[in-house]
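Turn these sequences into a full structure, and let the hints steer you where they fit.
For the record, the sequence lines run as chains A and B.
Under the working numbering, the first residue of the first sequence carries the number 1064, and numbering increases by one thereafter.
Under the working numbering, the first residue of the second sequence carries the number 1064, and numbering increases by one thereafter.
It is possible that some hints are incorrect.
Which copy is meant is left open, because identical chains are indistinguishable; a pair holds if it fits in one copy or across any two.
Unchecked claim - 25 Å max Cα-Cα, derived DSS-like pairs, lysine-lysine:
1) K1138 to K1174
2) K1181 to K1102
3) K1067 to K1181
4) K1180 to K1067
5) K1107 to K1199
6) K1199 to K1181
These are calculated hints, taken from the structure and not from any lab test.
Listed below, chain by chain, are the residues.
There are 2 protein chains.
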Amino acid sequence: MFSKSTEYALRATIYIARQSSIHKKVSIQEIAEGIGAPKHFTAKILQQLSNKNAQIVSSISGPSGGFYITEEASKKPIYIVVEAMGENTVIESCVLGLPNCNDATPCSMHKSYKGIKKELLGMFKNRTINEVANSKDCLTPVYFNRNK
Amino acid sequence: MFSKSTEYALRATIYIARQSSIHKKVSIQEIAEGIGAPKHFTAKILQQLSNKNAQIVSSISGPSGGFYITEEASKKPIYIVVEAMGENTVIESCVLGLPNCNDATPCSMHKSYKGIKKELLGMFKNRTINEVANSKDCLTPVYFNRNK
DNA sequence: ATTATTAAAGATAATTTTGTCCTTAATTTT
DNA sequence: AAAATTAAGGACAAAATTATCTTTAATAAT
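Okay, here's the thing in structure tokens:
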């Protein structure tokens, strides 16, 4: 569904948010290992998530530094991560990739996809980063990288 | 959601099915123009859809030749197109891309995504190629490439 | 038979995505 | 102040995806 970049972005955000909720900052090293993603590639993604436009994750250099997410940011919908990675179109556009598909001039799948798209969008827009990160639905202690 | 290849594959299949339902064969040229995809790339995709494993579209070389879909094939679910392109995982796997995510060891989004995934899968598995191609939901005479 | 038309197949190229490496800057600890 | 630790940023490389081009094979019409 999403690109690797966006998958990593979501996983990283959730990982950091979990640690931040117990007031822990985490290093790129730890994040990368925790989410099962290449270290330097993870670094690049974290830059995108922390830049001026996105401001989803925060960071501090130097020893005892690392990444964290403010309480304010963690109250925003998880959707902003997808948006920051520029992949909100994945959820919002036509299944057949038609640029001119809409309610007025629908493609063959438009009607059946419309409701699903709405739910999909809701899944990202109606749940905050914090809610997702600390979801009770996910009972396992370590979320990612279990098979390492 | 899907790669360009799969989008083109779905569009091409629908386009051919529509023409086949009025007993018309169509050339690569016509298909490519009709769906708004590069000609030679479309040809490659049609090869994938017509090969021994897939057998979704049929073709005949030479003048008055072209592509068509048999009545039998058009009764199969549109899902087989996605499958032939090797992208059924897009619909069937974890949103976060975790290989070990399942009901027993769910990721943070698993529960909320589960129902959506089921609907998404149903959209492709419960509708035949013919149903999608000749859907009454789509009223516009030309499905694709309207802005050319 | 020859020519024209069409798909099949293979080679190559461009672009995008993914991944790695190295240097620099910031910050803390000693 | 010096050393150590961490993120930031830029350059580069590998792989995958998307796109193009050329030749060959099949088939029909002339």
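Q | Contradicted hints - numbers only | A | 2, 5
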